[in-house]
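The hints should help you fit chain B onto chain A, whose structure is shown.
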Amino acid sequence: MMAAPQRVSYRMESTLDSVNKAEEMADQVAAQAGFDEDTRGGLAMAVREGMINAILHGNAYAPDKRVNLSFEQTPQEMIVTISDEGHGFVPEEVPDPLAPENLLKGSGRGIFLMRAFMDEVRFRKLEPGTEITLIKRLPQQ
Amino acid sequence: MSMKASTRQVDGVTIVDLSGRITLGEGSVVLRDTIKDLLSKGQKKILLNLGDVSYIDSSGIGELVSAFTSVRNQGGELKLLHLTKKVHDLLQITKLYTVFDVKDDEATAIAAFTR
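Sequence lines, in order, name chains A and B.
Taking the working numbering, the leading residue of the first sequence gets 354, the next gets one more, and so forth.
Taking the working numbering, the leading residue of the second sequence gets 183, the next gets one more, and so forth.
Bound conformation, chain A alone:
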């Protein structure tokens, strides 16, 4: 019999402290899910980058705006959802940080890093805000 999906959600302030807490939680949840240390590190970094995206670029540290963070585990994968209440953005319009003309830019690598460490990264426009879904397949037993 398959285990029932487990989901835990948090509503967090738009602060740097929330970014650090989310990263720590991601590492713990990934450890409980059975990911190895390297994968956990990458997953925690992807969550950190998603939170930075939501808090810095989405909510712009606004004290009246919150970030919703959830971790869900199914028998096949770990799913992390991060949503903000900002103005939103078009992911396709974010410049490729690996293009020669962008290599020496001081920012713009967050989404690339999320994609590098996760199996799937999805974006959904909210009214208002953006929802990022990060998916990592669980190691095969």
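No farther apart than 30 Å at their CA atoms in a straight line, the calculated lysine-lysine pairs in the DSSO-like style are these: (1) A/Lys458 x B/Lys285; (2) A/Lys374 x B/Lys268; (3) B/Lys277 x A/Lys458.
Derived contacts from chain B toward chain A, CB cut-off under 10 Å, selection only: (4) Asp239; (5) Ser240; (6) Thr251; (7) Leu272.
Simulated from the structure, these hints should not be mistaken for laboratory data.
A virtual CB, placed ideally from N, CA and C, is assigned to each residue, including glycine.
Below, chain B without anything else, positioned relative to chain A:
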């Protein structure tokens, strides 16, 4: 979880020993202020020792790139020393490993600066 930066001089090169995390917030600010301070004093040969840097996020990578371009724009040189595996891998996937001059040995790194 914060970052510490201390500087020392060896044969005309300023070595910045960094430890902790270079991340959005304090870590990135410490690095930025250190580079700004060195450039204002005319110290333009800078070797960043990252041997005790446990973690870098996208903001930290951006700060390293900004440090590199700031120093270069002022006619100086910035090199990296002692990358941990995590930081090495991160610079590889972001294609920055070949942008930076990365060294494994301090004496070799110092000798590599233009005289």
